[in-house]
Amino acid sequence: MSAPIQLDAAATTPLDARVREAMSVWLGERSANPSSRHGPGARARAALDEARERIARASGARAADVVFTSGATEANNLAVLGAARARTKHGRHLAVGASEHASVREPALALAREGFEVAWLPLGPDGLVDLERAAGLLREDTVLVAQMLVHNESGAVHPVRELARLVRRRAPRAHLHVDAVQALGKLELSLPALGVDSLALSAHKVHGPQGAGALVLAGNPPLAPLCFGGEQERGLRPGTENVAGLVGFGLAAELAESERPRFSAAAARWRSEFLAGLADFEGWRVLEPAVQVPSILGLVAPEPPAEIRRNQLEARGLITGAGSACQATKRGLSPSLAALGLSEVEIRRFLRLSLSRESVACDPAAVLGALRMVDEELSRLARSAR
Amino acid sequence: MSGHALTLGAPERVVVRYGELALKGGNRGDFERALARNLKDALKPIAPVTVERQRGRMLVTPEGRVEEVAQRAARVFGVKSVSPAWSSAPEPEAIATLARAVFLDALAQLPSGSERTMRVRCKRADKRFPMTSVEFDRYLGERVLAGVEGVRVQLDRPAIELGVEVRPAGVTVFARRIAGPGGLPVGTQGRGLCLLSGGIDSPVAAWMSMKRGLAVSFVGFHSWPYIGAASKQKLITLATALCGWQSRARLYVVPFAPIQLAIRDHAPESYRTILYRRMMQRIASEIAGRDGHDVLITGESLGQVASQTLDNLRCIELAATRAVLRPLIALDKDEIIAIARRIGTFEISNVQEPDCCTVFMPAHPVIRGEPALCERAEAALGVEELVRAAVAEVEIVRIER
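Here the protein sequences come in this chain order: A and B.
The first sequence begins at 0 in numbering that gives the first Met the number 0 and counts up by one.
The second sequence begins at 0 in numbering that gives the first Met the number 0 and counts up by one.
So here's chain A without its partners, still in its complex pose (with noise of 0.2 Å):
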């Protein structure tokens, strides 16, 4: 069988080559603790410098304000319990989106449990963060809002720059995270644009490697750390940098950068090919926000659950996913796709396709073609069971 086509880019990518190659380096002869003052050390320590400005201007930051870190998880992770905690002289209140990552809206449970009080800011009708009633969450002693820019699931591209308006008059103590990952390579990605004060970022949704990532700081909030012993990345993430896997990560997202516009492009006419294709398929729903990404699209496909039809899929040749990964094994539901209004059942049958720079290149009516292959396998059984 040929090589699948993978139409699961939101969950991973794969490693760009000339990624794999300025990391090798770093793997073999070069491979140095960047904080030792000898000479091996300080090269390292110049790799690590150049992949920071990488990052820095992936997303309109400061190089000194890129806090290396072991990826979005570990970021999301600082950026809430972090700034949370360093600011509860000034109150105990937080403002979540909804359909968050688990790796915001877990640590913002766990604040919870430590006595913070946690309102979620709902989605709209229109898939997009409501600001109106986002508004009146919004408080004196509201002290972390986190909403994320492209969702993950549906692509839709939250309005984070109005937020953030909002959030400065209604809630002016609040530290505002965002979690980015899904926009890098997608749109144009600038923290001061978006005036908020962090952004979390994972080389391995770039076709960067797995083990990297960032937490982008807008000058120097106050953030509690949640690791000690030693004075990397500010005292913010001590311990020896992964310096092959970040310079992969800078080199990664400078790539995604150059390479935005031809493939949001790209996806653009991948996206509208197989709707057009798509609407000849019945019982068939694509999820639809006002804003969004055209590489990632959220489809409530008809009877049976999702996951006989991924299996199916997936004997033919195309990997898709289920909604977020880092949750497909748990068994209960994404709690993410309940906010963007689906129901149970139509959790059950969601599936996802999402575009890398690679696979925008398959054709769109070869895998309509699939689609359409399981969908007469899959009716055709579902008769006969009758």
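Calculated from the structure, these hints are not laboratory results.
Mixed in with the good hints, there may be bad ones.
Now the in silico label distances, taken between C-beta atoms and shown as ranges [said to hold, decoys possible]: (1) A:13 / B:360: 29 to 39 Å; (2) A:29 / B:288: 35 to 45 Å; (3) B:331 / A:23: 30 to 40 Å; (4) A:131 / B:267: 54 to 64 Å; (5) B:383 / A:27: 33 to 43 Å; (6) B:46 / A:35: 50 to 60 Å; (7) B:268 / A:372: 22 to 32 Å.
Non-contacting residues of chain B with respect to chain A, defined by C-beta distances greater than 10 Å in every case (computed) [claimed, not checked]: (8) 60; (9) 188; (10) 370.
All C-beta atoms in this analysis are idealised placements derived from N, C-alpha and C, irrespective of residue type, glycine included.
Please build the complex by placing chain B on the supplied structure of chain A, with the hints as guidance.
The following block gives chain B in isolation, referenced to the frame of chain A:
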């Protein structure tokens, strides 16, 4: 008075005791050889070891990692107990100094508040030794306890039993006993093929069979693409966990979807589950015959679910051409879960992944299956051809630990 102070290093050897095995008259040599082989196999990934057979025990000398070696040896079937041990020169003075250090070390590890009782148990198999047993016991007792406050000698179940064994091959001293699993060395009773479902029961059945000396391999039925790749991985994870008790196994993964489709399309719905299982028995019997597995093993427990009523068990068994062992037949679910937790398979089994039995599951499975009806339903299936095709497509995963 007190003996010379001795800083106690890490233990150097592991005394491995076996129970039932020592009683097996004519087969004893075979059993001991199997146990020694299994020990070496199990310990090899931790450290290179030499195994000396002594009367009723084995002395394992690893090149390092003695604690891990002891823990692993305590998971080898046939082993009754295990003691990390120190060696001494065969002189009373040296032995007493070491014994005292070992005792003080054990005393320091007693949980606070527990009773401080001890006894010395000497074995003196080396008759060249300059003291009689009685003399030596007394000598050791005095030297070990000299100047130690608040410790009472107690012969029945003391908190610390200080073991000293004087043999021509050397002197060993120990104070800790780690219980082994008992049973018989894997492989001494033949080879079994366990039908592994991914649930809680079948891994326990496999473990219990290993315990009684069977070398167990596994057969899993995978209904791709109705069931995802993660379910197959779960079978591999379970089989790998079970190899923590026998070092290596084969996992046969049988493509089962064509059979389930045929049954769904041609047989009465209420009989589906029984017919799936009859096909599993046939396929497993076929593989067992081909690759030399003596018996089949299942995790069935009487009355646990609809397919495990006496009538249905009988319907299912009739399809097998090998003997079928059901080690869990008389255990309650709670008892099975308790074992699964102890042997480390519960957490793996408890991850919810669909298994092939959930594919096209009948709404109302038959409770009192009849063999004649099974056979009638199967007449329309082309059973032989389905079995042949499934066995031809089997994937063999070799698992080693």
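Each hint tested on the structure:
In this structure, residue 13 of chain A and residue 360 of chain B meet the distance hint of 29 to 39 Å, their C-beta atoms being roughly 37 Å apart. In this structure the hint that residue 29 of chain A and residue 288 of chain B lie 35 to 45 Å apart at CB is violated, the actual value being about 58 Å. For residue 331 of chain B and residue 23 of chain A, the hinted distance range of 30 to 40 Å is not satisfied, since their beta carbons lie about 57 Å from each other. At about 59 Å, the CB distance of residue 131 of chain A to residue 267 of chain B agrees with the hint of 54 to 64 Å.
Checking the proposed 33 to 43 Å range against residue 383 of chain B and residue 27 of chain A shows it is violated: the Cβ atoms sit about 57 Å from each other. For the pair residue 46 of chain B and residue 35 of chain A, the supplied restraint of 50 to 60 Å is violated, since their beta-carbon distance comes to about 34 Å. In this structure, residue 268 of chain B and residue 372 of chain A meet the distance hint of 22 to 32 Å, their C-beta atoms being roughly 27 Å apart. For residue 60 of chain B, the non-interface assignment is confirmed: its Cβ lies about 38 Å from the closest Cβ of chain A, beyond the 10 Å cut-off.
Annotated as non-interface, residue 188 of chain B keeps its C-beta farther than 10 Å from every C-beta of chain A; the closest such distance is 38 Å. Taking the minimum C-beta to C-beta distance to chain A, about 26 Å, the non-interface status of residue 370 of chain B holds against the 10 Å cut.
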